[in-house]
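Engineer: Using the sequences and the hints given, assemble the complete structure.
There are 2 protein chains.
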Amino acid sequence: MGWGGVIGPQARRLCYKPLAPFPNFPPHHFFLQVRVESVKMEVVKNLAILGATGSIGQSTLAVVAEHPQEFRVLGLAAGRNVELLAGQIGQFQPGLVSVQDEEAAGRLRELLPSGNTLQILAGPQGAAAVATAAGVDLVVSAMVGAAGLEPTLSAIQAGIPVALANKETLVAAGSLVMAAAREKGVDLLPVDSEHSALMQALQGQRREDVKKLWLTASGGPFRAWPADRLARVTPAQALRHPNWNMGAKITIDSATMMNKALEVIEAAVLFGVPVDRIGVYIHPQSIIHSLVEFVDGSVIAQLGVPDMRLPIAYALTYPRRLPLSGPPLDLGQIAQLTFEEPDVERFPSLRLGYEAARTGGTMPAVLNAANEVAVAAFLEGRLPFLGIPRVVEETMGAHTPRPIQDLAHVLEVNRWAREYAQRLIEEKGATNLS
Amino acid sequence: MGWGGVIGPQARRLCYKPLAPFPNFPPHHFFLQVRVESVKMEVVKNLAILGATGSIGQSTLAVVAEHPQEFRVLGLAAGRNVELLAGQIGQFQPGLVSVQDEEAAGRLRELLPSGNTLQILAGPQGAAAVATAAGVDLVVSAMVGAAGLEPTLSAIQAGIPVALANKETLVAAGSLVMAAAREKGVDLLPVDSEHSALMQALQGQRREDVKKLWLTASGGPFRAWPADRLARVTPAQALRHPNWNMGAKITIDSATMMNKALEVIEAAVLFGVPVDRIGVYIHPQSIIHSLVEFVDGSVIAQLGVPDMRLPIAYALTYPRRLPLSGPPLDLGQIAQLTFEEPDVERFPSLRLGYEAARTGGTMPAVLNAANEVAVAAFLEGRLPFLGIPRVVEETMGAHTPRPIQDLAHVLEVNRWAREYAQRLIEEKGATNLS
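Just so you know, the protein sequences line up as chains A and B, in that order.
Counted from 1, the first sequence has number 168 at position 44 by the numbering used here; the numbering is strictly sequential.
Counted from 1, the second sequence has number 209 at position 85 by the numbering used here; the numbering is strictly sequential.
These are calculated hints, taken from the structure and not from any lab test.
Being a predicted model, the structure only gives us computed values, none of them experimental.
Backbone N, C-alpha and C define an ideal beta-carbon position, used for all residues, glycine too.
Hints should not be assumed to be uniformly reliable.
[What the hints assert, rightly or not] Here are the computed distance ranges between Cβ atoms for each label pair:
{"id": "1", "chain 1": "A", "residue 1": "D467", "chain 2": "B", "residue 2": "A355", "range": "46 to 56 Å"}
{"id": "2", "chain 1": "A", "residue 1": "S299", "chain 2": "B", "residue 2": "A303", "range": "52 to 62 Å"}
{"id": "3", "chain 1": "B", "residue 1": "Q457", "chain 2": "A", "residue 2": "Q281", "range": "41 to 51 Å"}
{"id": "4", "chain 1": "B", "residue 1": "A355", "chain 2": "A", "residue 2": "R356", "range": "56 to 66 Å"}
{"id": "5", "chain 1": "A", "residue 1": "P359", "chain 2": "B", "residue 2": "Q457", "range": "33 to 43 Å"}
{"id": "6", "chain 1": "A", "residue 1": "P430", "chain 2": "B", "residue 2": "V419", "range": "12 to 22 Å"}
{"id": "7", "chain 1": "A", "residue 1": "L503", "chain 2": "B", "residue 2": "E464", "range": "34 to 44 Å"}
{"id": "8", "chain 1": "A", "residue 1": "Q243", "chain 2": "B", "residue 2": "G396", "range": "45 to 55 Å"}
{"id": "9", "chain 1": "B", "residue 1": "E190", "chain 2": "A", "residue 2": "E543", "range": "52 to 62 Å"}
[Said to hold, decoys possible] Computed, partial: chain A to chain B, Cβ under 7 Å:
{"id": "10", "residue": "G328"}
{"id": "11", "residue": "D333"}
{"id": "12", "residue": "L427"}
{"id": "13", "residue": "P430"}
{"id": "14", "residue": "L434"}
{"id": "15", "residue": "R445"}
{"id": "16", "residue": "P452"}
{"id": "17", "residue": "L461"}
[As the list claims (entries may be wrong)] A partial selection of chain B residues facing chain A, derived with a Cβ cut-off under 8 Å:
{"id": "18", "residue": "A425"}
{"id": "19", "residue": "F463"}
{"id": "20", "residue": "E464"}
Structural biologist: Okay, here's the thing in structure tokens:
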């Protein structure tokens, strides 16, 4: 894969190559001249998509639908939204799917046409089987939360490149994942718009010339709200993101700015840059997706309309780019891009992210796990908005960080942090955590 | 040069290379083990700077002064500012200089310490001799106007890479210059901040994925002025540029937007992109220096504080970057970047640039020559501000474009256009050209 740039000349060279001369004849009799008018190579990339029914999964399938000659969907893994999954199965004809559990698998089977021979698996092993199925060229890892960790690691260990939208994988187990990717020589291609922007801005640049990475953040729906108003934020308010249409978990993370905290940690791991050389700008228009500052003062930025198909398509076909439908970026019409320093007083999650990254080891996994529990509690009305970073901070404070040993260690820390945060929310209740 | 990235490993490999075994002894006796703790290669780049006393020349020498271990100044060519040149000679100790004419050469000699053995040349041949002197690794071509054309071509024909700040070279003789550069396999490195930005944004990207180039323009000091007020612009007003501190000619070109017209033509030639795939945004803050739009909708931009040392240093050490002193880009403090469509009614020069580029052949040379004459007349009070594009348009209208044959052809067209424009200004006078 990835050799689109040389298909033309390479194919032509192969076709012009003279036949080996037959030993009994003078060699010049045996050159075969072939005139090639045009060569069309069909290099189809076989995909396994983990989190197919989520926002990233759906956008990935939209890219596939726009370029059917480029991709084949070998496998899909999803959670419990079997109605949507059944439609995707009908459209993309994967050979293998996996869902959350046996109950969901049963419901899915009922939705498919009778006589369908599709293999349906369930649970984490099912997702890992989809990720590592024979013939998979690229895994799109877009399951939400720590659930995406195991199948992603399975793919890497099987030597399969991963387009990574599951940021918890790098946050919770960055050292493990990067070590496995290095060992297997496997590409990890970021799908997050910010990290895709950094990857694009770093293309063709010397790593030693990089001074600082800058992530942009929309600031979420409460960017300009005073602290007392933040205390009364409801789930419905927090779910309305100004620029991006995303899943519930990431939309809340965006409102608390924990999303940016996770992205800072992810960028440090992915690009091997100390966290204190990663900055954040609030950029409400979400047009500049991130920037790289170099030692000479030059800054390279990647811009685009807020459309997840762009970073997804880039990860799918890197280093090539696919034409995508949709309106181009029109800076004349946008007219104005603004920037602010983030306010870590009103949005302490960002500060917690830097602290966890500086501490390293198991601490980022604790931050991530506690946040998952706190966000779920907030969405269920069991925790106020400002309680989310409080739960994360208290859980981090109760944890003694250790270097990560292996996946079991990460999962154990994840379980501990989830339980601790859960107990915190139950015991202290809504009033003491606001 | 330009292999800074491999100095370390390469040097180490050379040092570890075993001695050739002496034929009478078993070979294993003759391996010399060398342990290299650190290798410091001193790869000095020898520069010839054409236009040393101009704005770009001075900024180039500022970069050299900041990194004396990187560069040696072999030669300087300047015009008539021998006082400044004498100071530069004292500081950078070139072996060879050239000035506008013998009179200036005489004045320069008087300014230098007695007993100085510096070789002083004069005229176009002198500048060409500086550009092609033995040992020159890179020519910085920063003479103003068509005067820079001949020495730049001489350097290319001598196989010497050129850092090109003289945009008239590519505007007037693009096809010649690019053909010579291709034939000699010589790098042309743009120094203009816009073209440097495009070059930086194109690094590591596939040429076939480029959809459009976008140049930014400050809009100059009269960006928001109504047409009737533009009619009364004085040279003093036009010489006050809001962002860049540059020479007089380019500052007036910036005020008429002819500078952007020349840059559009230059970009088309340098990057081999049809002029109708090059757009212009007015961006008054001059922070985003230019952008590249790709087929997938992604846009890569280069940003920086308005400081010509950045693109100059990049051209000098490409693909490496040198640390440069000065404040970093602080988007939080800048707070706002704005963009507008250019108004070709009030600033017809931009329209003329596109027309000249579409016509091609000798037409861009005519646009450039007529503009040089018109700007000089404006600065001398012989032509109103709005007369500048009028003179250019009328001269273009009187010209029958032809494909460029050779340098003599370009110089002949240049002479014709200058004379025609001059006559136009003298005959019609100030009143009929406003």
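Engineer: Run every hint past the structure and note whether it holds.
Structural biologist: Taking the hints in turn, this is what the structure says about them:
no., hint, in the structure
1, A/D467 x B/A355: 46 to 56 Å, "holds, 49 Å"
2, A/S299 x B/A303: 52 to 62 Å, "holds, 53 Å"
3, B/Q457 x A/Q281: 41 to 51 Å, "holds, 46 Å"
4, B/A355 x A/R356: 56 to 66 Å, "holds, 59 Å"
5, A/P359 x B/Q457: 33 to 43 Å, "holds, 36 Å"
6, A/P430 x B/V419: 12 to 22 Å, "holds, 19 Å"
7, A/L503 x B/E464: 34 to 44 Å, "holds, 43 Å"
8, A/Q243 x B/G396: 45 to 55 Å, "holds, 51 Å"
9, B/E190 x A/E543: 52 to 62 Å, "holds, 57 Å"
10, G328, "holds, 2 Å"
11, D333, "holds, 4 Å"
12, L427, "holds, 4 Å"
13, P430, "violated, 11 Å"
14, L434, "holds, 6 Å"
15, R445, "holds, 4 Å"
16, P452, "holds, 6 Å"
17, L461, "holds, 4 Å"
18, A425, "holds, 5 Å"
19, F463, "holds, 4 Å"
20, E464, "holds, 6 Å"
Consistency note: the structure conflicts with earlier hint 13 alone.
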